[in-house]
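K.L.:
Based on the hints, put chain U in the right spot on chain B.
If you want the building blocks of each chain, they are given just below.
Number of protein chains: 2
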Amino acid sequence: MAIFALILAIVLAVFIDKLTAFSFVLGAVLSALAGYIGMMVATMSNSRTAQAARAGLNPALKVAFSSGTTMGMMVAGFGLLGLSVLYLTIKDPVVINGYALGASLIALFARVGGGIYTKAADVGSDLVGKIEAGIPEDDPRNAGVIADNVGDNVGDVAGMGADLFESYVGSMIATMTLGIVSFGFESVILPLVISAAGILASIFASFFVRAKKDSNLGSVLERGTWISALVVIILSYFIVDKFIGMGVFKGFGVFYAIVAGLVAGVLIGKITEYYTSDHFKPVKDIAEASKTGPATNIISGLSVGMRSTVLPIIVIVAAILVSYHFAGIYGVAIAAIGMLSTVSMTVAVDAYGPVADNAGGIAEMAQLEPEVRQVTDQLDSMGNTTAAIGKGFAIGSAALTSLALFAAYTEVAGLSSIDITDARVVSGLFIGGLIAYFFTAHTMQAVGKAASSLITEIRRQFREITGLMEGKAKPEYARCVDISTKAALKEMIVPGVLAVVIPIAVGLIPFLGKEALGGLLGGALVVGVLQAIYMANAGGAWDNAKKYIEAGNLGGKGSEPHKAAVVGDTVGDPFKDTSGPSLNILIKLMSIISLVFVPLFF
Amino acid sequence: MAIFALILAIVLAVFIDKLTAFSFVLGAVLSALAGYIGMMVATMSNSRTAQAARAGLNPALKVAFSSGTTMGMMVAGFGLLGLSVLYLTIKDPVVINGYALGASLIALFARVGGGIYTKAADVGSDLVGKIEAGIPEDDPRNAGVIADNVGDNVGDVAGMGADLFESYVGSMIATMTLGIVSFGFESVILPLVISAAGILASIFASFFVRAKKDSNLGSVLERGTWISALVVIILSYFIVDKFIGMGVFKGFGVFYAIVAGLVAGVLIGKITEYYTSDHFKPVKDIAEASKTGPATNIISGLSVGMRSTVLPIIVIVAAILVSYHFAGIYGVAIAAIGMLSTVSMTVAVDAYGPVADNAGGIAEMAQLEPEVRQVTDQLDSMGNTTAAIGKGFAIGSAALTSLALFAAYTEVAGLSSIDITDARVVSGLFIGGLIAYFFTAHTMQAVGKAASSLITEIRRQFREITGLMEGKAKPEYARCVDISTKAALKEMIVPGVLAVVIPIAVGLIPFLGKEALGGLLGGALVVGVLQAIYMANAGGAWDNAKKYIEAGNLGGKGSEPHKAAVVGDTVGDPFKDTSGPSLNILIKLMSIISLVFVPLFF
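Going line by line, the protein sequences match chains B and U.
Numbered per my numbering, the first sequence spans residues 673 to 1274.
Numbered per my numbering, the second sequence spans residues 673 to 1274.
Okay, chain B solo, but in the shape it has when bound:
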């Protein structure tokens, strides 16, 4: 990653300017640091949560949720701090675009590379351990087991954190850029102030996340989300009143845009829950379709996933239209700020899940009392739902952020319009959509390829280390981590480089140029968002359809429907954990690259 960052920093220093290169490095360092600290805390909290679970549900929730809160505060705090310091020092929103690019680079590695890594480790160790060697999951004799555990933290904690860090920072920078042309200084610093209010609101709301023994965990966590949203709305009213005032846009236009964004974020989360939770019809339909075999399970899952795009897209379109109506294109950008203002709460709710999950594993291995496992199971099962909601939120915020960045790009590029009756723009639309497809195809295949390197290594260790199977010798866990990391990074090079190079190339080719690049960003945005929602929800629905059957429905574990559901779940793994989330990064990264490199296209 350092090599890639160094190359980009040099390119920026030579072709753009040195301050942009500096902003870039700062963004990358802060995002990486947030991810690093978040993962450290998550890892340390695993056993502590298991221990706290001996005292009951609330103490365990407190430890796990605190760990998630740390990650959330890292993302929001570092993101806002770095950007504020940078802007107050340099005072040029164009130069600080580099900061967002730095955040994007880390997101690319954590979400795309991490996504390939985590599923490759998962598939590889399961295949050799469970199927070939016939030992249980998470058995310490399996050389790939540590690589697999590392993957859970990489994907769910660091990946999600870096993704939202990128959205958070990207939406602020886009809004600041658009703010210059709106009405100067106040509209430039408004996003920083709203975001600061969001952090305060999240801290306030986190005190309300506490459970009694018989509490419904879902509503406890939801309380946190709703309270933080409500507080942000109240604070925003006064902030907008002070900074922008009435009547500059249509009445309290900017305020309405913030509310539209916030509400859209919460709604998308609820819709995602409907499509991926086994309490509702879509997941039950997939389980039902498993009765006639794996093919109908797959068709049903693909269909549910595609259908699940309808409501979120309508919500996004409504947020766009409302915020545009009240406050123009600046309104669309500030809606993204509104949606992301409570990001620390969203990350907290999302990142507590893997901690609870691992706490359960530790309780099992350390042979704690069965009541402990009951508590952690309760926490974990809620964690699956919050993970799905978090994914929906990540896509929704990526969509609005990309749109804001796209608007900032057209502003900086001096394009008064991007006209799709122009053949170059239509070509750009097609190329943008195409990149999203290629990216998906590549990341999906990458999991298989990276897994096969790991499989070879685990087999080798079983074969060559004497006494391993009998538990007398230890496997070389580190080698497996190393090999899957290298394989994942290798698979990441092609899509990563393409996402950086193609927008710049399209911008530079005289036959295409700035307009075609605008089309490309539009095409990638529409196709990428649809595909990301579809894949994340299909994957989540397949997963829970399997769990629904395992809970004893339709024949339960080991039945024919269960076997069919396992096929769906396996297909869904790269859908929801690799390709789907990677698309969030793709659409944002290409927009930021275009924004940063726009000076070259004149």
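Heads up, a few of these hints could be off.
For chains that are exact copies, the list does not tell them apart, and a pair is met inside one copy or across any two.
To be verified - In silico DMTMM-like pairs for lysine to aspartate or glutamate, Cα to Cα no more than 20 Å straight-line:
{"no.": "1", "residue 1": "Lys1121", "residue 2": "Glu960"}
{"no.": "2", "residue 1": "Lys963", "residue 2": "Asp798"}
{"no.": "3", "residue 1": "Lys1146", "residue 2": "Asp798"}
{"no.": "4", "residue 1": "Lys1121", "residue 2": "Asp957"}
{"no.": "5", "residue 1": "Lys1146", "residue 2": "Asp810"}
Hints were generated in silico from the structure; no laboratory data involved.
P.N.:
Below, chain U without anything else, positioned relative to chain B:
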């Protein structure tokens, strides 16, 4: 269908004008007639081809290919005839838009309804017959067997024909509309003349489609395609010279655009062959992935399908850019004319396949000599490849036709630009993409639902008709045909009505309007074309991966890889025969609807 057509005709007569309503009815009648005659001839040619196969390969090819040629000539001849008569009588390209809408309506029923019907009948009769009752495929005791056979003709002959009839007519009308603003009468009738030249070229080329005993059938059929393309190019040179002349556009700009379209059509066919034939790497990769079970087969197939969009989209983009460069937006439309000029040859090559397929079935049932079956098998295996090529061509031509119709829409709507920095247009892009997703999800589920009605009926007949299983009583075939037809039509209502109503609604809602509708058409075009290529190729590749294994590779029939490949093939069935081709219709239909109803949006 008549009811639906009647309602639309009345709506047109009341809200647009009576001549448009008349054009609409004429277009619908001629397209339906072409499909009807084509299916009649195809059905009659089945046994004749079997009989001719007793005399060798060339006589059999001659009969089968003549049958395909009939369909091809019906499509091109009726399409061109109706349009020419209409234009020469009414002399108003705007009024004759109704003609394209009529063609679209038939395409909707034949391709979408037909696509649901054919796969529902296929899945339904296989499931009860082969799996539950344990009798062979095509066994006359199975009540669904006739419904299944009917489906082959509906999907491959009538569906494909109506799809290309729509493209053929739609691209001509779009070009004529754009021709008015280019330079008047000559540019308006040029598409008619080029298309006429295409028919002559196809007739000429069809004389070269003859095989010797040891001929490579692929190259024999390809010869027809190449010769017809070459002749069109030569004729076009003189036609453009006479009608438009040098220097009006850039040099022989219009001529270059025609060539760009023609070459693009042939290239897309070749690329499709690469991705779906078992001679090449993609299909072999899917077969290889079947070794680790159905999940990896599915992931590999989805990935190949998505990756297969890259080259066709690049070809389409290149054709757009080249033709736009040389002859502006009129050039893009005339490129579609060039691509579709040899449509009669394309349909002929495509539609001979199902005839050869059914000839083989008849040879089997009539217990003809094994040499006969060898001949028909040779013809049939080539038919699978030409079917895949035909599907690629249908998508490519749908893409260019929709683009031309889109341009005609903006012209008639008086939009000087459709600006994607406008929030309404971005919203339109999202809604357009969303419709394509919903349409796909719905058609895929529809197959399952329609199949289940048929399954209930076949089971009932096995249960209630005494002596059926012993071959002493005949099943009621007609009821099965009736039931699957009704079920398919029922499933078609929602997507069909949506495709008609949503564009009109978006155009009428003041908050959205003409610009947002432009965005909608753009979004549907990009997402629809990508999705259509992906689904058609993934389906074709899964099919041939299964056949590759059945040919004795990787363990052959009955092995574990074969079982995995069967799962992929089953998922691929609605991909390639229902949802994928339906998207061609969707993008064209929505463009034509917008074009016809544009007077309402002022």
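K.L.:
Between copies, within a copy, both or neither: which fits Lys1121 and Glu960 at Cα up to 20 Å?
P.N.:
between (32 Å within a copy, 13 Å between copies)
K.L.:
Pop the pair Lys963 and Asp798 into one bin, within, between, both or neither, using alpha-carbon distances up to 20 Å.
P.N.:
Answer is between; shortest inter-copy Cα gap is 17 Å, intra-copy 25 Å.
K.L.:
Is it within, between, both, or neither for Lys1121 and Asp957, if the alpha carbons may be no more than 20 Å apart?
P.N.:
So Lys1121 and Asp957 pass the 20 Å test across copies only (12 Å; inside, 32 Å).
K.L.:
When no copy is specified for Lys1146 and Asp798, does a C-alpha distance of 20 Å or less occur within a copy, between copies, both, or neither?
P.N.:
within (18 Å within a copy, 53 Å between copies)
K.L.:
Given identical chains, is Lys1146 near Asp810, meaning Cα to Cα at most 20 Å, within a copy, between copies, both, or neither?
P.N.:
within (14 Å within a copy, 59 Å between copies)
Of the numbered hints listed earlier, not one is contradicted by the structure.
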